[in-house]
Structures are given as C-alpha cells and as structure tokens.
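Asker: Listed in order, the protein sequences are those of chains L and W. Each residue of the first sequence is one higher than the one before, counting from 0 in numbering that gives the first Met the number 0. Each residue of the second sequence is one higher than the one before, counting from 0 in numbering that gives the first Met the number 0.
Just so you know, the hints here were simulated from the structure itself, not pulled from any lab data. Think of the CB as a built atom: it goes at the ideal place given N, C-alpha and C, for glycine as much as any other residue. Each hint should be verified, as a subset may be incorrect.
To be verified - Here chain L is said to cover these stretches of chain W; the calculated rule only asks that three of the stretch's residues, wherever they fall, bring their Cβ under 8 Å from a Cβ of chain L:
1. 29-42
2. 56-62
3. 110-120
Stated by the list, open to error - Calculated lysine-lysine pairs in the DSBU-like style (CA-CA distance at most 35 Å, straight line):
4. 280/W - 77/W
5. 77/W - 145/L
6. 207/W - 84/W
7. 145/L - 280/W
8. 58/W - 231/W
9. 194/L - 58/W
10. 228/L - 77/W
Stated by the list, open to error - A few chain L residues facing chain W, derived, Cβ under 8 Å:
11. 75
12. 221
13. 222
14. 239
15. 243
16. 280
So you can see what is in the structure, the chains are spelled out below.
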Amino acid sequence: MSILVGRETRLVVQGITGREGEFHTRASIAYGTNVVAGTRPGKGGQMAIDGKVPIFDTVAQAVAEVGANTSVIYIPASGAPDAILEAIDAGIATIVCITEGIPALDMIPVVEAARRIGARLIGPNCPGATSPGRAKIGIIPASIHKEGRVGVVSRSGTLTYEAVQAMTDAGLGQSTCVGIGGDPIIGTTFLDVLKLFRDDPETDAIVMIGEIGGSAEEEAAAFAAEHLKGVPMAAFIAGRTAPPGRRMGHAGAIISGGAGTAAEKIAALETAGVRVADSPTQLPRLLLEAGYRP
Amino acid sequence: MKIQEADAKSLLLAQGLPVPPWTVARSPAEVGTAAETYFRAGAAKVVVKAQVLVGGRGKAGGVKLAGSPQEAVGVGAKILGMDIKGITVHKVLVGAAVDIVKEYYLGAIIDRAGRRITLMASAEGGVEIEEVARQNPGAIHRVSADPLLGLLPFQARALGLAIGLRDPLLNPFVAIAQGLFAAMKANDADLVEVNPLVIASEVGPDGKTSQRLLCIDAKITLDDSGLPRHPKLEVLRDLDEEDPTDAEARRLGINFIHLDGTIGCMVNGAGLAMTTMDLVKHYGGEPANFLDVGGGARHETVCGAMELILADPNVNAILVNIFGGITRGDEVAAGLIEARAEQSREVPMVVRIVGTNAAEAAEMLQKANFVTAASLDEAAEKAVALSKGAAR
Chain L
0 MSILVGRETR
10 LVVQGITGRE
20 GEFHTRASIA
30 YGTNVVAGTR
40 PGKGGQMAID
50 GKVPIFDTVA
60 QAVAEVGANT
70 SVIYIPASGA
80 PDAILEAIDA
90 GIATIVCITE
100 GIPALDMIPV
110 VEAARRIGAR
120 LIGPNCPGAT
130 SPGRAKIGII
140 PASIHKEGRV
150 GVVSRSGTLT
160 YEAVQAMTDA
170 GLGQSTCVGI
180 GGDPIIGTTF
190 LDVLKLFRDD
200 PETDAIVMIG
210 EIGGSAEEEA
220 AAFAAEHLKG
230 VPMAAFIAGR
240 TAPPGRRMGH
250 AGAIISGGAG
260 TAAEKIAALE
270 TAGVRVADSP
280 TQLPRLLLEA
290 GYRP
Chain W
0 MKIQEADAKS
10 LLLAQGLPVP
20 PWTVARSPAE
30 VGTAAETYFR
40 AGAAKVVVKA
50 QVLVGGRGKA
60 GGVKLAGSPQ
70 EAVGVGAKIL
80 GMDIKGITVH
90 KVLVGAAVDI
100 VKEYYLGAII
110 DRAGRRITLM
120 ASAEGGVEIE
130 EVARQNPGAI
140 HRVSADPLLG
150 LLPFQARALG
160 LAIGLRDPLL
170 NPFVAIAQGL
180 FAAMKANDAD
190 LVEVNPLVIA
200 SEVGPDGKTS
210 QRLLCIDAKI
220 TLDDSGLPRH
230 PKLEVLRDLD
240 EEDPTDAEAR
250 RLGINFIHLD
260 GTIGCMVNGA
270 GLAMTTMDLV
280 KHYGGEPANF
290 LDVGGGARHE
300 TVCGAMELIL
310 ADPNVNAILV
320 NIFGGITRGD
330 EVAAGLIEAR
340 AEQSREVPMV
350 VRIVGTNAAE
360 AAEMLQKANF
370 VTAASLDEAA
380 EKAVALSKGA
390 AR
C-alpha cells in the first residue's frame, strides 16, 4: 500500500467545474485515479466530466453517498481555506490544496484545525501527489512518472517535474512523488514526508527538492542525519543566485536577515550525509553514488 | 510589500498604539514648517528621518536631530536627495524628539516551523534584531500566539515581564503587544516591528515628570497574497522606490525581479525559475532577471513577459523554460510565436517546452523555426553560448 495516494484513494474534486478543476480531473481519471465525486455548491445532482463524475453540493454528501476519503482543491484563494475546513469537517483523511495565493495568516487556523482532527493537509500552493502506476492527484503531468522505489518530496511545482523527469529518464522509478508547496504556512512539511518515507516499505531511496527561505531543509537534514542512516538520499536546493530580501515568486522563498540561503541549506544537508546536486539532472547519478540499486 | 515608516505608524495608530505625532515633508521648506509646529508645541528638539525602504538609515546619515526650525531646514536639505543604498530620499518624517529612558524591541513575525504568529521582545532595543540574535540570542524573548484564539493577555504579560517591565508600564505593554498583533491580522502583514519601543520621560503641564511607553519607529511588511482584499493598502506602495517594470509585471500577474546579467529568462514556476537562473550561472552566464509566468499562463501573459524582458537593454539572449503541468505548452508556444512577430528588437532565443501539451508545442515551434532544447542543462548551455556570441 502506497502512502498519501494510491489504489485506496476515493477522490472528491472540490471545484470540479472550473477550468483547472475539469482539465486536471480528466488527467487524473486517465491515469487511473478513482475519482468518485466533485463538488460545486448549487449544482448538486448534475454530472461532470462527460457524465462520468457525480456533482454534489457539499463534501459531506460526497463522503456519505460515494465514500470519498481524499479531496483535491481547485478553488480560488478567497474560498480555498473554507474548502479545506469543509473537507476536514466532512472527515476527509487526506486533503490536497493546489490553490496559490492564499494569505499566510488565513492558513494558520486551518493548519491547526487539520492537526487537531488528524487530517493530512498537503499544500496549499502545491502540485499534488502521485503514486506512479496507481493514482495521481493534482497537476503533475502523468507522462513524467515511472513505477519504482524512490520517494520524491519537493517544495516546488515545476521543479519537481524536472527532478522526476530526470529520474525516469535514468530508469529510476518512483514510489510516491509529493509537492508540499511553496507557501510559508503549509500542512505537510519535509519532515512529515521523510517520516512517511522512512516507514514506507515501498520506498528505498529519497530525493528532496528544497529552495531558499525558512529552515525546513535544515530540519529535514537534522532528521536525515539521525533517522535515515543507510537510506540513499540526494537533494537539490534552488536559489543559489537569488538576491537577498526579494520574494522569489513563492511567498516562502525569501532570504531574510541573512538566513534561509541556499548555501546554509546545502551545508546542512551535506553535513547530514545527503548528496546535493548542482542541477536536477544530476540527482539520479547521486542516488546511485549513494548506494541505491534499483 | 514593504511600506514606509510613516505608513506603518498610521496602521499602528489605527490599532490604538501610542505613536507620537509626525509630519511627512518633501522639501526643506516643508521640514521647516513642520519643525516650527513641534517647537511651538514645546519640543526641545525635532528629529528628521529619511523615508526609504532600506535598513541602516541612521548609519547612512539619514536620521538627524535639529534644535531650531532653521537647523531643521538645513538638516532636511541635507537628507532630501541623499542616496541611501542606491535609493534617493524623496521624503522625510519630522517629529518632536523624545526624551528616551530606555529602548526595547517588539516584533511579530510568522513562525513558519511552528505555524503560528510569534511575538519577540528584547530589552536590547534600537539595534537590528538580527544583530541581537547573533550576538546575544538569549536576550530575545518569544511567545507564540494561539493559532485559534490569538495573542492572549497572559502571553503578552509574560513577554513584558521577561524584558523587565513592571507596574505601571506592564499593562500598557500588554495593550501595545495586543495592538501589534491586531495590526498584523488587520492588514495581513507578515512582519510588524516597533524598534525602538521606548520608555519616554515627559514633563507635564504641572511640571511633574512621568514615564510612558511610546512606539518611536515602525516597520511593516505586507503579505502580497493578502493585498487583493486590502485595496486601501495597495496605495501605500511606494512607486518612487520601485522599478517601473515591477508595476507592469503586477499588471500581467507575473513574478519579475530585475537582475544585472544578460540572459533574459522566462520560466513557469518559482522553483524552476530560480533553478534556471542557477544553471545559467553554473554554465558561465549571468541571468538578467527572475521571471515566473505563473501557473496556467496563456499567450497574452507570454507576450507581455517577453516585452518586459526585452525592455532591459542588457538582455542579449533569452531562455524560455516551460515544464507544463497546469500550464499548457501549446498556449505558451502560441504566445512566443505571436510575441516574436511583434517584439521591439531581435534577440537570439532558445526555447524548451516539456510536459503538458509539449508535443503540440514542439510542432508549432518547429514550424516557426525556433531554436529548441530538450533538457534544462542543454537549454542553459545554449543560452549562455548565444549570449556570449551576441556579446562578441
């Protein structure tokens, strides 16, 4: 059984009738993901995706009537925090929020609500998660994946695709790929995913993609040094050339007060025994050098 | 978004914080008029402070005292027009100088690891908090506001006690800390700092001396993601200190940061945009910009982004790197083809489009005779070569 997403996933798409919601739901279904429902308040009873997916007014109805256990959110920033809370309230176990641009202070109580109930929130401002060959949630292109035993975790979206593509091109398949999001306040951190990978019998090696800002990579490095000895691991950190004090697109990607630089993060990872790549394309080679044999 | 001290003070005042009166002046004459008002009201000295969005104003000579309106005019003339870290001073803040007994630091930040708002206070005020954190980390005291209930009075009290405040200044401190927290929430700020927060000595009309807490300097950074719901805060953006391309990038909804190199970059996704810059540098080139066209960019955005890149005269090569997920490669390709037909000058370009609808994009680009690359490294190498070729 894979982590976060897999054959057991019964997905409800919050915002299934929007442009992105519909486009990426089609891709998820084409990949084999079990999409059981969509929500669009006021359109309950209708069907979406060429009559394939029933629309409900609420997430609670999707849970009660078709057994949804996972949700993905394609709802604009003004409504996304409420959508997450609705999913938590409905008893959804894993919630993936793709939405970008949610004010950080809105996420503080939402992340706390998820934590108290024990719901797993991934994102916001994340590309989603894929268990290759089984299920795909979110906007990661299906074509880049290959089934295998490397776990990939990243703060970025498109940079994740770059890394996964490099792995697939080198013949290294993935167990789970998850983008945790580039915002300052996110539901699932590097540390959370590293723990899941450590305990996942289907993951034998780990690739981590970080970037400037905050200290999540340093915390991950400390965990790796202590708990991931013997697990082949490689990392890439974006933003070596980023100027300090500027928000580099992601709300969380900023070097402030001289802290959060790529150099500090790379040093912390290397000290922890993690190999750090100069380019995402080097990641497969570094994993092999770290002793990984697919 | 950073805002000026005077605007930050207005936002704190709106939450009931004790901020002494100030006037913003744009000419030495205005400085003189403002100073006269404060001297007439009984000030012994006035302070004139440069309004710029960079730190270290004091060290750069941008903060000065004056003992008379005439002296204030002279000081104003010196500071206005001054260059502080590359920023020209266009305005100053004028106010009565305060008789300071002791300086403190009080700030609220987003604690990313703890996923809470954390308040920090220190009895070592008036210096940069990063400096205190390096030299004497034990001097910084912290409390984390409850994620659901906010900053509770007992938490604010604990912080006041930790920095040594006692009756009768403790309760005013609690009110200030809660007001600071309220200012953060009300404006979607990601940083609110009062540095220094001071104990000021004041002589009342009866000739008696009393002490009270005052917020002497204020710094607020607003969360860009919160701005859409605070249209009144958008006007606080200081266009004097902004690159003109920043406004155009905002209008297009793209993230653009101007840099000093020669290779213009257009990328989708912030992490990949940073990586593209890093690889340009790795292969011996210099990026001219950070540009993230955002998720789901369509051809109008692509055309606008191309104009922004070309507006920089240093750009002599362009690297387009799109890994389609939510963005569809064919829409970007259509935008590039259209942009090239309309663009203001010819610059060699290498395009890499992979991911969603990449096959369609490849066909379109091939028909239009674009130079393409398959991998990120190849694209960066080619762009560096094009740039060096153009420079020769």
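Asker: Now tell me if each hint is right for this structure.
Answerer: Results of checking the hints against the structure:
no. : hint          : in the structure
1   : 29-42         : violated (count 0)
2   : 56-62         : violated (count 0)
3   : 110-120       : holds (count 5)
4   : 280/W - 77/W  : violated (41 Å)
5   : 77/W - 145/L  : violated (66 Å)
6   : 207/W - 84/W  : violated (43 Å)
7   : 145/L - 280/W : holds (31 Å)
8   : 58/W - 231/W  : holds (32 Å)
9   : 194/L - 58/W  : violated (47 Å)
10  : 228/L - 77/W  : violated (61 Å)
11  : 75            : violated (10 Å)
12  : 221           : violated (12 Å)
13  : 222           : violated (13 Å)
14  : 239           : holds (5 Å)
15  : 243           : violated (11 Å)
16  : 280           : holds (5 Å)
When each numbered hint is compared with the structure, violations occur for hints 1, 2, 4, 5, 6, 9, 10, 11, 12, 13, 15.
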